[in-house]
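Given chain Y, put chain L in place with the hints provided.
Listed below are the residues making up each chain.
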Amino acid sequence: MSARAHSMHAADIVVRFADTTVLDRVTLRIDAGAVVALVGRSGSGKSTLLRVIAGIIAADAGRVAIDDVDVTELPTHRRGVGMVFQDNQLFPHRSVVDNAAFALQMRGVPKRDRRTIAEQWLERVGLGGLGDRRVQGLSGGEAKRVALARTLAAEPKVLLLDEPLSGLDRDLHDRLAADLAELLRDTSTTALLVTHDHSEAAIIADRTVALADLQATRGSGEGRNSAQN
Amino acid sequence: MDRSGARVNRPPAWLIAALAALPVAALALFYLWPLGTLFTETLGAGAVADTLRRDTTREVLWFTFWQAVASTGATLAVGLIPAWLVARYEFRGRGSLLGALTAVFVLPTVVVGSAVLAVLPASIERSTWAIIIAHVLFNIAVVVRLVGALWERLPTDLSAAAATLGAGPLDTMRHVTLPLLRPALLATASAVFVLTFTSFGVIRVVGAPGTRTIEVEVWRRATQLGDIPGASVLTIVQLLVLGLVLAATGLLQRRWTAALDLAPTRRRRSRTRREQTVVTTVGLATAAVLVVPLAAMVVASFSSPTGWTTAGWTNLDGGEIRPGLRVGIDPVAAVTTSVRFAAWAALFAVLIGGLASLAITAAQRAGRLLDIGLTLPIATSAVTIGLGLLITFDTPPVDWRAEWWLVPVGQALVAVPFVVRTIVPTLRALDPQLLAAAGTLGANPSRAWREVVLPMAWRPLLAGAGIAVAISLGEFGATSVLSRSGDETLPIAIERLLGRTGATLQAQGYALATILALVTGLLMIVAERGAGRTIDG
Chain Y
9 MSARAHSMHA ADIVVRFADT TVLDRVTLRI DAGAVVALVG RSGSGKSTLL
59 RVIAGIIAAD AGRVAIDDVD VTELPTHRRG VGMVFQDNQL FPHRSVVDNA
109 AFALQMRGVP KRDRRTIAEQ WLERVGLGGL GDRRVQGLSG GEAKRVALAR
159 TLAAEPKVLL LDEPLSGLDR DLHDRLAADL AELLRDTSTT ALLVTHDHSE
209 AAIIADRTVA LADLQATRGS GEGRNSAQN
Chain L
525 MDRSGARVNR PPAWLIAALA ALPVAALALF YLWPLGTLFT ETLGAGAVAD
575 TLRRDTTREV LWFTFWQAVA STGATLAVGL IPAWLVARYE FRGRGSLLGA
625 LTAVFVLPTV VVGSAVLAVL PASIERSTWA IIIAHVLFNI AVVVRLVGAL
675 WERLPTDLSA AAATLGAGPL DTMRHVTLPL LRPALLATAS AVFVLTFTSF
725 GVIRVVGAPG TRTIEVEVWR RATQLGDIPG ASVLTIVQLL VLGLVLAATG
775 LLQRRWTAAL DLAPTRRRRS RTRREQTVVT TVGLATAAVL VVPLAAMVVA
825 SFSSPTGWTT AGWTNLDGGE IRPGLRVGID PVAAVTTSVR FAAWAALFAV
875 LIGGLASLAI TAAQRAGRLL DIGLTLPIAT SAVTIGLGLL ITFDTPPVDW
925 RAEWWLVPVG QALVAVPFVV RTIVPTLRAL DPQLLAAAGT LGANPSRAWR
975 EVVLPMAWRP LLAGAGIAVA ISLGEFGATS VLSRSGDETL PIAIERLLGR
1025 TGATLQAQGY ALATILALVT GLLMIVAERG AGRTIDG
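Residue numbers (this note's numbering), protein chains in the order written: chain Y, 9 to 237; chain L, 525 to 1061.
Just chain Y, with the same shape it has in the complex (with noise of 0.2 Å):
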């Protein structure tokens, strides 16, 4: 839905916890429009990863650019970074529709409108017609979609996927890959997707990396820290 796609590049970046270094000076770049997943180990730090270019967490060391632009230093809401989290984080006290159109809202998209989009972008990921609904009675795969919907509605510059697809049953799982594939490609998004599971990672991105492939060198404690994830 952007006008033109964005690229992506993070820089050297170090994240440690108390005593473990997660990321050891990761550098990952994603073309303008390039879908990239990245695989790795449970625990080895993609997650938080994604929460660096997110501007989530902090990094130790290491910068982020979006087009070229440093944006490290900007706060999560100024990055234009959209992301559906694992377990999605919908807010429980709005509807279906209203949490799609939460970006419209804080963008200031007049009431009527807003919710015009939200519903567009609900009918493309599948759930036209469900925007009254709470979303606590959503099923596993709804849920998924709404997150999706969510932040797609924000016309993020960069789409980060937490292990969106984990959790959900085979069929759907398989349903759900080849629409977000699908959805990634019309709308020219530039996404970086965090998965363990190579079919899923061949089927949505245009390349897959591993996490331990970008790092500069093997923290000694890397890979034994299993607090995230």
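It should be emphasised that the hints constitute simulated quantities derived from the structure, not laboratory data. Built from N, CA and C at the ideal position, the CB exists for glycine as well. Among these hints, one or two may not hold up.
[To be verified] Label-pair restraints from in silico Cβ distances:
(1) Y:GLN128 / L:ARG1053: 52 to 62 Å
(2) L:ARG1053 / Y:ARG183: 55 to 65 Å
(3) Y:ALA26 / L:ARG778: 35 to 45 Å
(4) L:ARG677 / Y:ASP221: 52 to 62 Å
(5) L:ALA601 / Y:HIS206: 51 to 61 Å
(6) L:ARG797 / Y:ASP221: 28 to 38 Å
(7) L:GLN800 / Y:ARG71: 16 to 26 Å
(8) Y:ALA218 / L:SER794: 27 to 37 Å
(9) Y:ARG115 / L:LEU776: 30 to 40 Å
(10) L:LEU776 / Y:ASP187: 37 to 47 Å
(11) Y:ALA218 / L:GLN800: 34 to 44 Å
(12) Y:ASP194 / L:GLY617: 48 to 58 Å
Coordinates of chain L only, in the frame set by chain Y:
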């Protein structure tokens, strides 16, 4: 509810009935009957119309209402900041900060009033401002406890999600965090409103002369003017307002409770320099707000217009301000009286509360009824309890107004709910399997109960006694109505001394307040520890 164990394995009904007999009788005699008397007194001889028609009544009602609304708003505004801090961050001194908050909340109202009086500049020290400030200081802990408990469990990723959707910190607060906190905000607002609406000690100590909430007016009419019908009408009006507020809260609460996926989120240490600065500043500011007034109170007990003095402490024995000249307040006698009352009140409270707790946990469903019944005195103001006792037991064969035990009974009524709240959780936490195990080893149900439950009750019982002593020592509302001259307790002496002019009297008042603060604070801390709960639990 405990569903394990067949009916046949439960403690027998006669045991439960025996345990419940005394608490039920005490509740009926000293609470329900006096409450009924208040109602009949109100219905008599046009008292309602007489009282409500008076201008002073309308003034009192209006003042009570608006100062409570203002206090509640101010408390929420101030308290949300430390609530956020302790809910979200782990930092050095976090435990102590929570401890200090709780400590201030459990201090007697008269002490908090004295502290505020000591810290404020003379220009506003006896004013509505002072009242609101004292109420805020007192109730910050309610916000931190109630709102913090929910806030702590809101997933931090919800805020992160809002940020990725373009919401800045203020937008996130307004559109995500506050709406999700609404049930806790409501509960807090309701609790603080009830506490400040029925404010008595704070008003008496820091309010300007003539400043009266319903509670103060009830006391004044009952004890100073002898207008018992008028006082009764006001207590009933107050009860109705409180009932309405609590009912409305309950209704809204049910509608607003969103099913949240609440999980304890891990509190984190601040990572960036800016975060560190904010955490340190807010932490220190909160600590200062709590500690400075209390420190000022101690300082004031050593102060005189001409410099430092220990006169406030050394002159405690005897109310002589000059050789041969007395002011009618004997600080040492007040301490003795307080200790005597507290000992009896604690004995009554532990006896009633302890037996009730055992009955409540043994009786399952019927226990809930007793539990609710014994909690009622909390919802009734202390002055109301005192007035009820005063007008019920004034004619033979129950003319007990002059009995030495009437004040301790009133204080015990106020303390019993807290004693029950201390003991019941510990007993409930007892693994029902233990009773079953005793059964398999050949103990019959009442024997099993005696061997397993009773030995576990000692610690919480002692803790409950500590809390009862602390409550009794600081109790001001019921005591003010019930105590007779010559039987002044510590809080009464403090209020009188601080109300007089004269540097030594003031210093004495602050000295007594310091003593009261130390004793009640220590008792509460020891009791909380002893009950097996931590201060920030």
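Violated constraints from the hint list, given by number and in increasing order: Of the numbered hints, just 4 does not hold.
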